[in-house]
Amino acid sequence: MPAYHPQRIEPKWQTYWDERKTFRVQDRVPGKPKLYVLDMFPYPSGAGLHVGHPEGYTATDIVCRYKRMRGFNVLHPMGWDAFGLPAEQYAVKTNTHPSITTRNNIETFRRQIKSLGFSYDWDREVDTTDPDYYKWTQWIFLLIHDTWYDPDFVWTDASGAERVGKGRPIADLPIPPGTIDPDAYRDSKRLAYRAQIPVNWCPNLGTVLANEEVKDGRSEVGGHPVVRMPLEQWMLRITAYGDRLAAELDGLDWSPAIKEMQRNWVGRSEGAEVDFPITADFAAWRDTRAQVGRPELPEADVVRVYTTRPDTLFGATYMVLAPEHPLVDRITTPDQAAAVAAYREAAARKSDLDRTDLAKTKTGVATGAHAINPVNGEPIPVWIADYVLMNYGTGAIMAVPGHAERDFEFARAFEIPIRRVVARDLDQADAPLDAADPELGVAVHSANDSITLDGMPTADAKRAITAWLEARGLGRKAVNYKLRDWLFSRQRYWGEPFPVVIDEHERVHAVPLEDLPVRLPELADFKPSGRPEPPLGKATEWVRYSDELRRETNTMPQWAGSCWYYLRYLDPKNDQAAWDPELEKYWMPVDLYVGGAEHAVLHLLYSRFWHKVLFDRGYVSTPEPFQRLVNQGMILGETEYTAFRDDAGAWVSAAEVRVGQNEGAEVWTAAGGRNVAPVKLAEEQVVKKGEGFVLAEDPAIRVDSRAHKMSKSRGNVINPDVVVEQYGADSLRLYEMFMGPLEATKPWSMKGVEGVYRFLARAWRMVVDHEADVIRLDPRVADVEPTIDQAKIVARTIAGVEDDLEAHRFNTAISKLMEFVNAFTGAEVRPKKAMETFALLLAPMAPHLAEELWEILGHETTLAHEPWPTYDPALLIDDTVEIPIQVNGKLRHLLTVPLGISLEDLEAAARSDAKVMSYLEGKTIRKVIVKEKLVNFVV
RNA sequence: GCCGAAGUGGCGGAAUGGCAGACGCGCCGGACUCAAAAUCCGGUGGGCUAACACCCGUGUGGGUUCGAGUCCCACCUUCGGUACCA
Numbered sequence: 053m054p055a056y057h058p059q060r061i062e063p064k065w066q067t068y069w070d071e072r073k074t075f076r077v078q079d080r081v082p083g084k085p086k087l088y089v090l091d092m093f094p095y096p097s098g099a100g101l102h103v104g105h106p107e108g109y110t111a112t113d114i115v116c117r118y119k120r121m122r123g124f125n126v127l128h129p130m131g132w133d134a135f136g137l138p139a140e141q142y143a144v145k146t147n148t149h150p151s152i153t154t155r156n157n158i159e160t161f162r163r164q165i166k167s168l169g170f171s172y173d174w175d176r177e178v179d180t181t182d183p184d185y186y187k188w189t190q191w192i193f194l195l196i197h198d199t200w201y202d203p204d205f206v207w208t209d210a211s212g213a214e215r216v217g218k219g220r221p222i223a224d225l226p227i228p229p230g231t232i233d234p235d236a237y238r239d240s241k242r243l244a245y246r247a248q249i250p251v252n253w254c255p256n257l258g259t260v261l262a263n264e265e266v267k268d269g270r271s272e273v274g275g276h277p278v279v280r281m282p283l284e285q286w287m288l289r290i291t292a293y294g295d296r297l298a299a300e301l302d303g304l305d306w307s308p309a310i311k312e313m314q315r316n317w318v319g320r321s322e323g324a325e326v327d328f329p330i331t332a333d334f335a336a337w338r339d340t341r342a343q344v345g346r347p348e349l350p351e352a353d354v355v356r357v358y359t360t361r362p363d364t365l366f367g368a369t370y371m372v373l374a375p376e377h378p379l380v381d382r383i384t385t386p387d388q389a390a391a392v393a394a395y396r397e398a399a400a401r402k403s404d405l406d407r408t409d410l411a412k413t414k415t416g417v418a419t420g421a422h423a424i425n426p427v428n429g430e431p432i433p434v435w436i437a438d439y440v441l442m443n444y445g446t447g448a449i450m451a452v453p454g455h456a457e458r459d460f461e462f463a464r465a466f467e468i469p470i471r472r473v474v475a476r477d478l479d480q481a482d483a484p485l486d487a488a489d490p491e492l493g494v495a496v497h498s499a500n501d502s503i504t505l506d507g508m509p510t511a512d513a514k515r516a517i518t519a520w521l522e523a524r525g526l527g528r529k530a531v532n533y534k535l536r537d538w539l540f541s542r543q544r545y546w547g548e549p550f551p552v553v554i555d556e557h558e559r560v561h562a563v564p565l566e567d568l569p570v571r572l573p574e575l576a577d578f579k580p581s582g583r584p585e586p587p588l589g590k591a592t593e594w595v596r597y598s599d600e601l602r603r604e605t606n607t608m609p610q611w612a613g614s615c616w617y618y619l620r621y622l623d624p625k626n627d628q629a630a631w632d633p634e635l636e637k638y639w640m641p642v643d644l645y646v647g648g649a650e651h652a653v654l655h656l657l658y659s660r661f662w663h664k665v666l667f668d669r670g671y672v673s674t675p676e677p678f679q680r681l682v683n684q685g686m687i688l689g690e691t692e693y694t695a696f697r698d699d700a701g702a703w704v705s706a707a708e709v710r711v712g713q714n715e716g717a718e719v720w721t722a723a724g725g726r727n728v729a730p731v732k733l734a735e736e737q738v739v740k741k742g743e744g745f746v747l748a749e750d751p752a753i754r755v756d757s758r759a760h761k762m763s764k765s766r767g768n769v770i771n772p773d774v775v776v777e778q779y780g781a782d783s784l785r786l787y788e789m790f791m792g793p794l795e796a797t798k799p800w801s802m803k804g805v806e807g808v809y810r811f812l813a814r815a816w817r818m819v820v821d822h823e824a825d826v827i828r829l830d831p832r833v834a835d836v837e838p839t840i841d842q843a844k845i846v847a848r849t850i851a852g853v854e855d856d857l858e859a860h861r862f863n864t865a866i867s868k869l870m871e872f873v874n875a876f877t878g879a880e881v882r883p884k885k886a887m888e889t890f891a892l893l894l895a896p897m898a899p900h901l902a903e904e905l906w907e908i909l910g911h912e913t914t915l916a917h918e919p920w921p922t923y924d925p926a927l928l929i930d931d932t933v934e935i936p937i938q939v940n941g942k943l944r945h946l947l948t949v950p951l952g953i954s955l956e957d958l959e960a961a962a963r964s965d966a967k968v969m970s971y972l973e974g975k976t977i978r979k980v981i982v983k984e985k986l987v988n989f990v991v
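If you use the working numbering, the first sequence closes out at 991, no skipped numbers anywhere.
Treat the hints as calculated values from the structure; they're not laboratory data. Incorrect hints may appear among the rest.
Heads up, simulated DSS-like pairs for lysine-lysine below, C-alpha to C-alpha not over 30 angstroms straight-line [what the hints assert, rightly or not]:
no., residue 1, residue 2
1, Lys-166, Lys-64
2, Lys-979, Lys-942
3, Lys-979, Lys-967
4, Lys-761, Lys-311
5, Lys-740, Lys-637
6, Lys-637, Lys-732
7, Lys-741, Lys-761
8, Lys-761, Lys-798
9, Lys-868, Lys-84
10, Lys-985, Lys-967
11, Lys-741, Lys-803
12, Lys-868, Lys-844
13, Lys-985, Lys-942
14, Lys-741, Lys-798
15, Lys-166, Lys-764
16, Lys-86, Lys-942
17, Lys-529, Lys-241
18, Lys-868, Lys-983
Pair ranges (Cβ atoms, derived) [said to hold, decoys possible]:
no., residue 1, residue 2, range
19, Gly-744, Pro-378, 40 to 46 angstroms
20, Ala-398, Gly-230, 41 to 47 angstroms
21, Pro-255, Glu-491, 26 to 32 angstroms
22, Pro-85, Pro-378, 55 to 61 angstroms
23, Glu-600, Arg-458, 49 to 55 angstroms
We treat Cβ as the ideally placed atom computed from N, Cα and C, and that holds for glycine.
Please take these sequences and the hints and turn them into a complete structure.
Shown next, in the form of structure tokens:
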């Protein structure tokens, strides 16, 4: 009975915490600093919890439990991101309503998460599919819809900092004089707007597909063709916040890697827009421009391009329009019309994937038209090619084959002239060009009668030519982003309805706030409608809002609910507002946010965007939501050893096998085109040799050893329930933390779980009499003062664990607890006070066992709110120290000296030590480095 | 291609520029047992030794330093992100 039995201990304490609401959080506790620790809430899939979930959750739970003991008022909530495609697909497949499958999945997840003993305040649980929650998602959408971005607005934020650019109420939008339709003008400036955007329509499946469901222009399920067709959809103008989303990363405690990913995603670039007229009378056009200036939109026969390299303008020898570019029809010459039409049609059939996949050979067709290079009056041919994308920049480029590899390939293929306009120095002006030429240098061959760039370094040349263009109304400085506006609608049932209605003129009107939430209609048939229109269209009663008004039938994407859930946790039951502003001021920002790296870009970018709109509109007090972000690493399956067999059954070395893909399945081939099949090997069949592993029975066969992502198809998924059943939640928690640094990718090992389980059992036996029939203290645990050595171990452990937890080094914190147990299991007398300290130190990591030990040690209430143990720093210091003595930097001896010895005495002691002398004999000491921690003789 | 991270025993991993390999797994030996499991004790980077000692060792090559796993330069490999972005 008194063996370590997590299956008995753990439910007991989980019930205790639950019933007494041990972890309920009070708002605004006087005298306690606040700490908001957030997990990325899970999508409750039908597959149940994955071992990746508890990794991050355990890390945050340790921080929370530790910080509570350090006197912090800690907010640690959990909830469910429950709208989304998989729930709907599962519902369609099983013909169960998604609300039912979602409810079941949430129950499973809640049970699984509770079985791990996390210290969440369950009174704050949120569920994005709950109308009381999505009411406020809709409210935020309406706020975004009510906002426009004023890039020039100068204002002062609460901290007194001056800011430029702000999201402002649409009512404050100045309407330019002479605007015919002010409402339409306002709609065109809103941060939420409607536009015709292509969707992936699959006629065979009768449904619109998400981008992730389309593979190579075909549906992932069934492989049916997918066509792109335009549909009226909602967009969010995230591009307006591009600068701030990139710039305001600077003050955040995020890893440089994630910051860089976000910056790349925003993809800000600086360059110039330049206008190339397609006109017979270039001189007249140029003169007009010089007088009137550059128009907001180019004239009908002007090609406007965006370039980051305006300094190479003199090297532009052709132009390329995206095939969809509206100018194409207008400028194509009759003799090219047929070729252009054919090319455009072919391009339209290609999916985005196809267009980017066919990387190597460039295709294109000349339009027959010529545009005039505004810097030198030279006519250059205008082509169309699908390597130019309509949705980046202006959808048109000037091509400088001399200095852009992409243009170089195209020019080679179509025999277009290539001209050098950048060189290492002026002497190299006529050196032959190739694709590997450096991009930066000085400008050459770049002059006309009013400007010369020749000899200017690239950066100067950019500035000079841009100023020249601006002065003449031919171009202007411009900034571009890779970031696109966010396609915010889905043709799906299981999502938040848009809180808007549409009139017969296709004008959008907000549903009044008092009518929120706009509930999802109870559709019996929630399957896709068989037309590109959303399934909500089938709820005819619901759609009809009034005689003149119908509801929007698109729904919001899964990201919507997760964009702001961290704010709802602050005040989850408020039915008057999304949150109380006073609570927001108290708790925000999130002090620590932990989650998987798969959300490093989209979720974090989207929620930062919403947060900034809320900030500009005065609903939140911080410009950024997540002050510190930590991305946990992926947990891979157990290491696998693989060799291959060919059809004849002979072993084949992994080194000579290639893995390919055929129709989504993995295919293996070996030298000579032989088909081979992988064979998973047991560890005993494998031997380490040289650089890698070989087959034990045949050392000539090299074995592939690696850990793979967990996946159903590979059969290497670890179910946390099974681990908890076998070893207990404390072991699972401890193991996941002990595997290595939180942020590292690391393979699972059941043997490792057993290791930490053994440690916990040892800890149990250190305190509990495991030979008795009842649970009682081990007789060696006594109410006595620790020996000096024991006191030192206790102090060192407290100090070490504390340091490690502060720095999130959970793996080394655990190893220090192991050292403690190793030291005390050898002790014949174990001071009770030391055992109590151990229980407190263990509590953040293995809370169930810690509570149980605490109780057995005679305490009647939870240790969750006990103060963290303290120690006397003097105990960390020994009376004597071992000083390494080096000769030429090599360790030769360890010298034991009294603590606080002077450097002179230390050197003297080192010189007179027999062992050291033997190394110095007959040598000349050229130099001696004496430090408090070491002595080094240089001879 | 570009951006980012990382390469340390048989394995997961420790090491404020100062004793490389803490802790755990595995393995070896011992105790307990009729035996096994569990548990406890000891050992465990490689080479050479009877042993002490000594030599070699943190992906590769260079550099800085009295001293480099750690800092700098170049390269190789692996993983992650991203890709016709003008």
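Structure-based check of all given hints:
Of the supplied pair hints, the one linking Lys-166 and Lys-64 holds, its CA atoms being roughly 12 angstroms apart against a limit of 30 angstroms. Between Lys-979 and Lys-942, the direct Cα distance comes to roughly 14 angstroms. Compliance with the 30 angstroms bound is thereby established for this hinted pair. Between Lys-979 and Lys-967, the direct Cα distance comes to roughly 19 angstroms. Compliance with the 30 angstroms bound is thereby established for this hinted pair. Restraint check for Lys-761 and Lys-311: the C-alpha separation of about 25 angstroms stays at or below 30 angstroms, so the hint holds.
With a C-alpha separation of about 59 angstroms, the suggested pairing of Lys-740 with Lys-637 is violated against the 30 angstroms cut-off. For a cut-off of 30 angstroms, the pair hint linking Lys-637 to Lys-732 is broken: about 56 angstroms separates their Cα positions. For the suggested pair Lys-741 and Lys-761, the alpha carbons sit about 26 angstroms apart, so the restraint of at most 30 angstroms is met. Restraint check: the Cα-Cα separation between Lys-761 and Lys-798 comes to about 10 angstroms, which is no more than 30 angstroms; the hinted pair holds.
For the suggested pair Lys-868 and Lys-84, the alpha carbons sit about 29 angstroms apart, so the restraint of at most 30 angstroms is met. At most 30 angstroms may separate the alpha-carbon atoms for a hinted pair to count; Lys-985 and Lys-967 meet this at roughly 19 angstroms. In summary, the hint linking Lys-741 to Lys-803 is supported, as the alpha carbons are separated by about 23 angstroms, within the 30 angstroms threshold. This hinted pair checks out: Lys-868 and Lys-844 have alpha carbons roughly 13 angstroms apart, not beyond 30 angstroms.
Note on Lys-985 and Lys-942: the hinted pairing holds, with a Cα-Cα distance of about 15 angstroms set against a maximum of 30 angstroms. The suggested pairing of Lys-741 with Lys-798 holds, with an alpha-carbon distance near 23 angstroms, which does not exceed 30 angstroms. A C-alpha spacing of about 25 angstroms is found between Lys-166 and Lys-764, which places the hinted pair at or below 30 angstroms, so the restraint holds. Proposed proximity of Lys-86 and Lys-942 is contradicted: the alpha carbons are some 50 angstroms apart, above 30 angstroms.
With a CA separation close to 22 angstroms, the supplied pair Lys-529 and Lys-241 stays within the 30 angstroms bound. A distance of roughly 28 angstroms separates the Cα atoms of Lys-868 and Lys-983; the hinted pair therefore holds under the 30 angstroms criterion. The hinted window of 40 to 46 angstroms between Gly-744 and Pro-378 is violated, with their beta carbons roughly 58 angstroms apart. Between Ala-398 and Gly-230 the C-beta distance comes to about 43 angstroms, which sits within the given range of 41 to 47 angstroms.
A hinted range of 26 to 32 angstroms is violated for the C-beta pair Pro-255 and Glu-491, which are about 46 angstroms apart. Distance hint check for Pro-85 and Pro-378: the Cβ-Cβ separation is about 58 angstroms, which falls inside the suggested range of 55 to 61 angstroms. Judged by the Cβ atoms, the range 49 to 55 angstroms given for Glu-600 and Arg-458 holds: they are separated by roughly 52 angstroms.
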